[in-house]
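Colleague: Once you've looked at the hints, dock chain L against the given chain V.
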Amino acid sequence: MLVLLLAVIAVPPQLSNYYITLLTNICVYAMLGLGLNIVVGYAGLLDLGYAAFFAIGAYATAYLMTTHNFSFWVVVPIAALLAAVFGVIIGAPTLRLRSDYLAIVTLGFGEMTRISATNLDFTGGPNGLYGVPQPFIGGFTFTTPLHFYYLSLALALITLFCVARLGNSRIGRAWAYIREDELAASAMGINPVRVKLLAYALGAVWAGIAGAFLAVQLSAISPESFTFNQSVQILIVVVLGGLASVPGVILGAIVVVITPEIGRYLPGDFASYRLLIFALALIVLMIFRPEGLWPSRQRRREMRSEDVSLVGPQEAEAAAEVAVSREL
Amino acid sequence: MVNGLTTGSVYALVALGYTMVYGVIRLINFAHGDLYMVGAFVGFTLLDQIGRHLGSLNSFLLVPLAFIVPMATVGILGVVIERVAYRPLRRAPRLSPLITAIGVSLALETGALVIWGASFQVFPSILPSTVWDLSGVVISSTQVVIFVLTIALMAVLYLFVQRTMLGKAMRAIAIDQDTARLMGINVDSVISLTFFIGSMLGAAAGIMAGIYYTSIDFNMGFIIGLKAFTAAVIGGIGNIPGAMLGGYVLGLLEALGVGSGIISSSWRDVFVFAILILVLVFRPTGILGEHVVEKV
Chain V
1 MLVLLLAVIA VPPQLSNYYI TLLTNICVYA MLGLGLNIVV GYAGLLDLGY AAFFAIGAYA
61 TAYLMTTHNF SFWVVVPIAA LLAAVFGVII GAPTLRLRSD YLAIVTLGFG EMTRISATNL
121 DFTGGPNGLY GVPQPFIGGF TFTTPLHFYY LSLALALITL FCVARLGNSR IGRAWAYIRE
181 DELAASAMGI NPVRVKLLAY ALGAVWAGIA GAFLAVQLSA ISPESFTFNQ SVQILIVVVL
241 GGLASVPGVI LGAIVVVITP EIGRYLPGDF ASYRLLIFAL ALIVLMIFRP EGLWPSRQRR
301 REMRSEDVSL VGPQEAEAAA EVAVSREL
Chain L
1 MVNGLTTGSV YALVALGYTM VYGVIRLINF AHGDLYMVGA FVGFTLLDQI GRHLGSLNSF
61 LLVPLAFIVP MATVGILGVV IERVAYRPLR RAPRLSPLIT AIGVSLALET GALVIWGASF
121 QVFPSILPST VWDLSGVVIS STQVVIFVLT IALMAVLYLF VQRTMLGKAM RAIAIDQDTA
181 RLMGINVDSV ISLTFFIGSM LGAAAGIMAG IYYTSIDFNM GFIIGLKAFT AAVIGGIGNI
241 PGAMLGGYVL GLLEALGVGS GIISSSWRDV FVFAILILVL VFRPTGILGE HVVEKV
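Those sequence lines, one after another, are chains V and L.
Everything in the first sequence is counted per the numbering used here, starting at 1 for the first residue and increasing by one.
Everything in the second sequence is counted per the numbering used here, starting at 1 for the first residue and increasing by one.
Only chain L is shown next, with the shape it has when bound in the complex:
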């Protein structure tokens, strides 16, 4: 159950990226899961270099640094990708940006393969790890940190989207892009910002995964991407609270399925896909409802 909350946090953060981008440009950014992976690797390289040159890694200063640097880097990467690969195709038939997204995803994965090699890397541990046992339920401090941090990030995001002008702009573009443009919103900039934030959150999730699972490899983005997409769909794609909810629902469902022994762990991915298909067939708008209207 606690594991479910932890994985749920990761899913929720990545799902937010999917949902936000979908909300503004109606594109499922295939490459988003890979941004999560890049975030983890950037963090790894950063910590690795610090470890090599400065010796010890035991400092509270490291934790925020380990998060902020990869988040910023990957955020910028997301913006670059949007400008280079997606923006030229805004008016193209549906198939093109989709195929391009696959290309970007593949490029990121193979890029990581080339840069960091095929075998997994061990992510240095930077959080003190204590374990508590509350009447049979085992909780580790890492899990608590991940959970709290995720809630914090999501809260900040929610406030940003609901209370600030830029957030309002994002919501406006999600409803009607052309009208938003007429209202004086710089659509391109806001879309870039959306990518920035979404990618940042994905990177944060990547760092958390690195800390939690301690091993990272170039392929981790692939499966997370699919699961986070499932989470976004469960909550209702295009819907920000939906993505948050969907992430946790999926995390808990998966933990429940595996933990209760119904699904063995080699089938857990199939279990998640089955959930995705069921949701898409029976309730495609998700739990909180989809933000999109199918225009004829």
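The following block holds chain V by itself, in its conformation from the complex:
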């Protein structure tokens, strides 16, 4: 683990800008994936409009930094907060909805956000906002891709730490409970409304921060970065690696970023194939390995079959006997 940490810090200066940018993208997708992981993986709420929070963070940053000359370090918490608020706004109507409806409504919200960004004036219309200045600390300005890489790495590590801790906390357990059986959870005294809204809000925060980073990294943002396809890509990051599994999400981010690059060496117009490959991978994955490529052990048991219990063999046998006698 420590070796890995040293590697990601020490190695990149040796690499070309191409690889550095690749690593930066992995960090960004890792952040997005970890955030979505809170909503989909921990709490079990299938959010298909997650790119909206990404957009909020990015646009807030771009707007505040260009029009009002805010400093990047002031904007980041604002972006995070704004994203969280949006998370609550988007989450509120979905609280009583079943998973199918939830997915489509969140998709709708994602689209509404994108369309709003395209239509409204202060978001720059279809061309977006540009001219976002580079962040600086004291005399040091972030200019080269290497600088941005370290910034993204720092942000990603913070995200990683926070999300992992959240997963193991009381709220993390509450999310798992809600995910598995909402009725039982509320019977046990967990407030589903509060827990779900927290999931949306806390999940959105990381997208907001990632968005802030994107705005300064690219210095220009447009609605095209926040389409449904983007939300799906983030979802793929989470699902591929394994829902609710932090190392899985990292793996997912790596795969999602690397695959198009590998595709460049393949014949044909890979850009169109890329999403097709992902789509087919998603289907195959769901059928044959729904717990993802690097799942947590618990999730593997949960996803494999609804009848698999988390109790020991003796209790399982006893439960089976009761079930059989009831069925008759």
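The hints are all genuine.
From the derived model, a few chain L residues whose C-beta atoms are all more than 10 Å from chain V:
| no. | residue |
| --- | --- |
| 1 | Leu62 |
| 2 | Val144 |
| 3 | Leu149 |
| 4 | Leu159 |
| 5 | Arg163 |
| 6 | Arg171 |
| 7 | Met183 |
| 8 | Asn186 |
| 9 | Val187 |
| 10 | Tyr213 |
| 11 | Ser215 |
| 12 | Leu252 |
Covered by chain L, according to a simulated footprint, are these stretches of chain V (three or more residues, beta-carbon under 8 Å):
| no. | segment |
| --- | --- |
| 13 | 44-55 |
| 14 | 94-107 |
| 15 | 113-124 |
| 16 | 282-292 |
No lab work stands behind these hints, which were simulated from the structure alone.
Glycine included, each C-beta is placed from N, C-alpha and C at the ideal position.
Modeller: Using the frame of chain V, we list chain L on its own:
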């Protein structure tokens, strides 16, 4: 207003597919909108090929052909999708089939992108187009054809579901799948049939859209899927007359909103989504009531 009826027809047909599939397997087939798109493209390719090899496209024979071939093809495609992607996941936790459906939708869209390219195609016109002006209300013959055809299809469907044994089987499965199985209904076959019919209707809608809007692109299924889902929810998901009603209600509402100038056309999709959210928050069972019971 007339535009509302036309778009409403399209929404209604696609919504029927959503509602029927939801009725039998409680799954919102995310990919359904894309089947509509595939239908339009199959029709396009068919007409295009005929045009290239046989010259003229002006024949009344073409119209039924333009409908039947894509409808059959997409119907089969729907059945294949069900067998390959959804059936293995019948017993899986809720999240899996949903994610798979997204995968299928994406696969169809990118498949179409790969096969037919990214730019839109012009759908050949095969219906004679005359326009009538009835005291200020402009109606085109195409709109009339679409409307009439949709009503006809819906009527046939309604009779099928209410009067035939297979229709009864579908309704039985929608109420209680296991009991239906005990009663001797071949659940798998009927589910496949449901997908076939739903996909067929979606394809028909796709052809109509091709004829009406004259341009088709690989992305058209996405937004139609969401709007048709909204229509199905408005009418009450799982409820066949509901989907028919919901389609027209949505079409008219949208036309009203845009036509009266309250909503400009760049915001029309947001308007539809807002309707969806309002319906789900205030009347989730829709106008005609939902067919589903939430089992504890």
